[in-house]
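S.K.: Just so you know, the protein sequences line up as chains A, B and C, in that order. When we follow this note's numbering, the leftmost residue of the first sequence carries the number 1, and every step to the right adds one. When we follow this note's numbering, the leftmost residue of the second sequence carries the number 1001, and every step to the right adds one. When we follow this note's numbering, the leftmost residue of the third sequence carries the number 2001, and every step to the right adds one.
Rather than coming from a laboratory, the hints here were simulated on the basis of the structure. A portion of the hints provided could be inaccurate.
To be verified - Derived lysine to any residue pairs resembling SDA-like cross-links, with alpha carbons at most 25 Å apart:
#, chain 1, residue 1, chain 2, residue 2
1, A, Lys119, B, Val1025
2, A, Lys119, A, Arg234
3, A, Lys119, B, Met1030
4, A, Lys119, A, Thr30
To be verified - Derived, one-sided and incomplete: chain C residues facing chain A with beta-carbon distance under 10 Å:
#, residue
5, Val2021
6, Thr2137
7, Ile2153
8, Gly2197
9, Ser2201
10, Ser2221
For each residue, glycine too, the CB sits at the ideal point set by N, CA and C.
Below are the chains, spelled out letter by letter.
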Amino acid sequence: MALAQINWFKYSSPQAFYPLAGRMIPWFATIAALLIGVGLYIGFFVAPTDFQQGQSYRIIFVHVPAAWMSMFLYVVMAIWAGLGLGLNARPSFMMAQAIAPTGALFTFLALFTGAMWGKPTWGAWWVWDARLTSELILLFLYAGVMLLRTSIDDPRRADRASAVFALVGVVNVPIIYFSVRWWNTLHQGASVSMTAAPKMAATMLTAMLVMTLGFWMYSIAVTLARMRCVILERERRSSWGMHHSHREAVEVH
Amino acid sequence: MQWGSVSEFMVMGGYGLYVWTSFGVSAFCMLWEVFALRRRHAAAIAETRESIHDQCVGPR
Amino acid sequence: MSQPGIFAALNEIIRRDLLLVLRRRSDVLTTVLFFIMVASLFPLGVGPEPAVLRTIAPGVLWVAALLSCLLSLGRLFTADYVDGVLEQMLLIPQPLSVLVIGKVAAHWLISGLPVVLLSPLLGLQFGLSGEALGVLTLSLLLGTPTLSFIGAIGAALTLGVRGSSVLIALLVLPLFIPVLIFGAGAVTSSASGIGAGAHLSLLGAGLLLALALAPWATATSLRIALE
């Protein structure tokens, strides 16, 4: 029961978390690099050619993991935001802040590689497919969370306001996805969907899952690194403030 | 293994442009994120050091 | 708190907001004129072909309604925030979400209802048939209150923030998408003979969901903005 004796709350303060994150980053980065390397090897050298789409299907080895991560990271961000609001915990808000840019990056990559996959498959760069459209709306939501934070000067209010918007977004994402799919079937747009690829070979699925795990580990490493930046930047601001008030006190004397 | 030669691998059955652009842009963006964070971290450390230095030397 | 207390407060807030608007009637007029203008721009841009206009009419009118709702959202809490009334409203014994419902209801009466009432007229301009006009009005009647509820969250989050008018559009428009899809879809599917029942009931469900969740989220956002 050694685990129980560790005071986990010790790590919930930014000052204690900073060095801990620094020790964890190389591990997650190494695992991410290994997994992505193995995933790419399986994807390019082991997985067979798709008899319908030819070699272009190999784009899904980056597209699907990026799309999954973009949605997963939004949910994780919303959970941290909700924890922050519920427990009034500053580190939770900082975590949500640290996740958002990486989530937005994966959303962009999912859209970009989706277009790259769509051109040879559907003959068009952009199709108003339910998945692609939802992904675009997800990018708007990420942009909203991040812009709301940067436009509010008071960090406490910025934390809380963007957390509320992240939570509103997480309630809305399933509704948006459902409505877009409904709209898509009504207008009978592209009937080809990415998962409709006939009988995905086991190696293809393995490559996709390994890549997803790699992206996951990458996200953790990058988030921890950004968390360290956020801690330093915020603590600097507060120590600056301290310094400022100190100077005022001296001048009064 | 289904690739006879390196050039066959690069051509990707005629889809080389799409496949390599996808993977290239993804790799570029992720590496760029890592380097941008390193720069940001270095800048944050430098400024923290400065402000600590200011505080230790004192406002004179 | 007894029930009559809550309803009395609700009534009072709606009455007060309507009274304030009656003193500045130009605000209502701006929203309505904006709606008409946006809708009238499309035939000028697309061309007067009746078949084309009839196809794009539901989408165009719904987008115009969306934008005119957005236009008036900035005013939802700003005036009360600036003169400090909002801070005092936090102190009333009724829950803050009741106040939010009152303000949203007033906002809808001022900016949503005129749009609903005008929409058949604009539908005629686009050559919609009698039944489609009815469905359009009904869909707007069910959908525009949802827009006001969702918009109130955005208005509360961006209260007193720099660049709030642009920011609110960015926050709120993605959340409007389901309403737009079901609203415009109702008209389209009734025109194509499928019937608008499913779309209209989904719009109604959306309104109930917004009524249940949005006032609470808005109240939280207002507290965050004011603390």
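S.K.: Now tell me, hint by hint, if it's right for this structure.
M.R.: A quick look at each hint next to the structure:
1. A:Lys119 - B:Val1025: holds, 16 Å
2. A:Lys119 - A:Arg234: violated, 45 Å
3. A:Lys119 - B:Met1030: holds, 23 Å
4. A:Lys119 - A:Thr30: With Cα atoms ~34 Å apart, Lys119 (chain A) and Thr30 (chain A) exceed 25 Å; violated.
5. Val2021: At about 27 Å, which exceeds the 10 Å cut-off, the nearest Cβ of chain A leaves the hint on Val2021 (chain C) violated.
6. Thr2137: Because about 21 Å separates Thr2137 (chain C) from the closest Cβ in chain A, which is outside the 10 Å limit, the hint is violated.
7. Ile2153: It holds, given that the least Cβ distance between Ile2153 (chain C) and chain A is near 6 Å, below 10 Å.
8. Gly2197: violated, 14 Å
9. Ser2201: violated, 13 Å
10. Ser2221: Holds, because the Cβ-Cβ distance from Ser2221 (chain C) to chain A comes to roughly 5 Å (cut-off 10 Å).
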